[in-house]
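Let the hints inform the model, and build the full structure from the sequences given.
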Amino acid sequence: DSGVTQTPKHLITATGQRVTLRCSPRSGDLSVYWYQQSLDQGLQFLIQYYNGEERAKGNILERFSAQQFPDLHSELNLSSLELGDSALYFCASSVATGSGANVLTFGAGSRLTVL
Amino acid sequence: QKEVEQDPGPLSVPEGAIVSLNCTYSNSAFQYFMWYRQYSRKGPELLMYTYSSGNKEDGRFTAQVDKSSKYISLFIRDSQPSDSATYLCAMKDQGGGADGLTFGKGTHLIIQP
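The listed protein sequences derive, respectively, from chains E and B.
Going by our numbering, the first sequence opens with residue 1, and the numbers climb by one from there.
Going by our numbering, the second sequence opens with residue 1001, and the numbers climb by one from there.
No lab work stands behind these hints: they were computed from the structure.
Take these hints with a grain of salt, some might be off.
Said to hold, decoys possible - Lysine-lysine pairs mimicking DSSO-like chemistry, simulated, CA-CA at most 30 angstroms apart:
| hint | chain 1 | residue 1 | chain 2 | residue 2 |
| --- | --- | --- | --- | --- |
| 1 | B | Lys1070 | E | Lys9 |
| 2 | E | Lys9 | B | Lys1067 |
| 3 | B | Lys1056 | B | Lys1042 |
| 4 | B | Lys1056 | B | Lys1067 |
| 5 | E | Lys57 | B | Lys1042 |
| 6 | E | Lys9 | E | Lys57 |
| 7 | B | Lys1070 | B | Lys1056 |
| 8 | E | Lys9 | B | Lys1042 |
Being a predicted model, the structure only gives us computed values, none of them experimental.
Now the structure itself:
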């Protein structure tokens, strides 16, 4: 157990729908990161939050949004889902903002299937 | 040309063999180099990390960084079936922000008993 908790583990939904993925970071970590992993693209960085504030943005679609709450848990909202959004979504956390080594601890992921 | 290139494999070797996994990169600003191991249906877990050039050893694992060639390697000695996983290299520059952390696509390693 890495200490990063993600729910749900599996999710099957239809095109056009909206889903919310939830992440609780490791105790003491202030930064939360969201990644998308697909077979052809590998791990793609979506967005990072640090202590409630958006810190960095990657290849996140406009249909996707995220936030980090005062208790530091984070949610990733995916809307108007398309078949191509089917992937593993990982949350990771770290102590600091990202400078230096910035070692990430990953959760077990949420597998999203869009039919 | 992608920033980080990694052969996806699969790489299949017999138990006990020495395994060499490699990544090449193009961004000379990368200073931190990491190897993550990802078992099937699990999240990546940090295996090794090195700063700048040189070698680092941890048990059966050795990480090497050659910044002049923009080439990093992970060696696994006395490989075990439990080492079967996908190995992802990751690299980062000195600056802050996760957008500075770049992952390779991963090499799928199979250790045959």
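Now for the hints, and whether the structure bears them out:
1. Lys1070(B) with Lys9(E): Violated, at roughly 37 angstroms.
2. Lys9(E) with Lys1067(B): violated (39 angstroms)
3. Lys1056(B) with Lys1042(B): holds (25 angstroms)
4. Lys1056(B) with Lys1067(B): holds (14 angstroms)
5. Lys57(E) with Lys1042(B): holds (24 angstroms)
6. Lys9(E) with Lys57(E): Status holds; Cα separation ~24 angstroms.
7. Lys1070(B) with Lys1056(B): holds (17 angstroms)
8. Lys9(E) with Lys1042(B): The given pair, whose Cα atoms are some 10 angstroms apart, holds under the 30 angstroms limit.
Violated hints for the displayed structure, listed by number in ascending order: 1 and 2.
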